[in-house]
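Peer 1: I would like the entire structure built from these sequences, with the hints used as guidance.
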Amino acid sequence: MQLNFLAIIGRFALGMLGEIGRFSRFAAKSVLSCVQAPFFLRNLLQQTMTIGYYSLPVVGLTAVFTGAVLALQIYIGGSRFNAESIVPTIVVLGITRELGPVLAGLMVAGRVSSAIAAELGTMRVTEQIDALTTLSTNPYKYLIVPRILAAVIVLPLLVLVADIIGVMGGFLVSTQSLGFNGGSYLKNTLDFMEADDVSSGLWKAAAFGFIIALMGCYHGFFSRGGAQGVGAATTYAVVSSAVLILASNYLLTSLVFS
Amino acid sequence: MAAASGHGKQKIVLKGVRKSFGAKHVLDGIDLSIDEGQSLVVIGGSGTGKSVMLKCILGILVPDAGSIHIDGKETTRIAGRAREGVMKKFGMLFQGAALFDSLPVWENVAFGLIQGQGKNRREAREVAIDTLAQVGLGPEVAKLMPAELSGGMQKRVGLARAIASHPDVLFFDEPTTGLDPIMSDVINELIVERVKDLGATAVSITHDMASARKIADRIAMIYRGRIIWEGAVGDIDHSGNPYVEQFIHGRAEGPIQMDILKT
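As you go down the protein sequences, you meet chains P and U in turn.
FYI, my numbering numbers position 203 of the first sequence as 203, with every residue one higher than the one before it.
FYI, my numbering numbers position 205 of the second sequence as 205, with every residue one higher than the one before it.
These are computed hints drawn from the structure, not numbers from a lab.
For glycine and all other residues, C-beta sits at the position ideal for the given N, C-alpha and C.
Watch out, some of these pointers could steer you wrong.
Subject to a maximum C-alpha distance of 25 Å in a straight line, what follows is the list of computed DSS-like cross-link-like pairs (lysine-lysine) [stated by the list, open to error]:
| no. | chain 1 | residue 1 | chain 2 | residue 2 |
| --- | --- | --- | --- | --- |
| 1 | U | 89 | P | 141 |
| 2 | U | 15 | U | 119 |
| 3 | P | 141 | U | 88 |
| 4 | U | 119 | P | 141 |
| 5 | U | 73 | U | 24 |
| 6 | U | 88 | P | 29 |
| 7 | U | 89 | U | 119 |
Chain U regions said to be covered by chain P (calculated; three or more residues, Cβ under 8 Å) [stated by the list, open to error]:
| no. | segment |
| --- | --- |
| 8 | 88-95 |
| 9 | 112-122 |
Peer 2: Here it is in structure tokens:
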């Protein structure tokens, strides 16, 4: 009984170490491939459209409602000690420093990480990735690098859009239903916002883009077992991207941007 | 037991190739030699190690032990540009064709020319359409997506992709699986013709004996990860090997036992 228990722990530890090793090797190989020719620019452009342009609606909607509800909640909280005027400042800081990058990251993780894992997973189980190898094409350079670079480039742009739309969401609610003057709302927003507030969010977005693409590619690239395996890869990709986004957000904020 | 082939120049030589997945020993010391210009078909039941052997030769899997020489050069541990250089000699028709879903037919066929040889797209498209004609497909197929093709057409596009860059060695993984007998024969004919046109060496794996008889110069049988018989295609019917005889006649009784639970 005790031996069985120890064997279970041993198997678990070995399995986990094996997975960490495989992931580290995959990540290192992917990053190295990003700086080595050849570069597949057509694929990069295609991925930029898929990850960036097609994510705009979901990111925009998330941002506008987040900005709007943030304004409502801060107004309720602020009114308890006569500080309603703080609404524009808290909305812009909240959106640019945290909610913009994190919520856009999570939404893109749900949309893009799963799509990448499903696509690469299907390519793996139908031997399309093996076919690439037999056609003298490195799958890391052809499949992984364009997705990682596109996500790292596009996420900050999406977050910038989310920041603007989020602030506008707060602006609309504040001016239309909370009685704020439009001009003074915008003035307060701009007066108390610093460049670092925006840039820290954009740097974090680039890191989240890397995480989203890497996790999608990793789980898809190593998926096996037919449709069930591809389904599992998709789930793992979304869950691991979301958890890593939240964890890295804390680490980046506390170590670099606090 | 196995291994030596004819007397021509050896194109591919496997010596003592072993490959395990966990406790399962899939290849247990494969010795095989394929002469230049020869068409070798490896037969064997499901799960006997045929596909793994092919993937080891192609460099998709790395053997645990043994050596694989291609044109006299050891290839089991090469990577990067050296591997890509070896791959340029190869063309491969996969069991399910493995066409790229996201690319139209012509780009699938021209893929090796554009990515591997750096040909411009216009030129590559023309070569792709010519190659499609060689496998009996018209130019109207070129712009279709793989999902719009039947199984037989997908196989023919896969064959066109394999031969488009004029490889030295062609690999065929179960080329007739999933096809009706007539389409199987069409594919077999195309394989024989195209291999002859290119003067290429061909390595096929199959459990379809009609296909093996049609496309092989030599046949080798793999069982439990080892080559248990090898000979000219004409010798297969009097091999004197009970495993080969059971396999080619498709008998349930014999030395090869299937893991089936009988009630």
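Peer 1: With reference to the structure, classify each hint as holding or not holding.
Peer 2: The hints, checked one at a time:
{"no.": "1", "hint": "U:89 to P:141", "result": "holds, 21 Å"}
{"no.": "2", "hint": "U:15 to U:119", "result": "violated, 37 Å"}
{"no.": "3", "hint": "P:141 to U:88", "result": "holds, 17 Å"}
{"no.": "4", "hint": "U:119 to P:141", "result": "holds, 18 Å"}
{"no.": "5", "hint": "U:73 to U:24", "result": "violated, 29 Å"}
{"no.": "6", "hint": "U:88 to P:29", "result": "holds, 22 Å"}
{"no.": "7", "hint": "U:89 to U:119", "result": "holds, 17 Å"}
{"no.": "8", "hint": "88-95", "result": "holds (count 6)"}
{"no.": "9", "hint": "112-122", "result": "holds (count 3)"}
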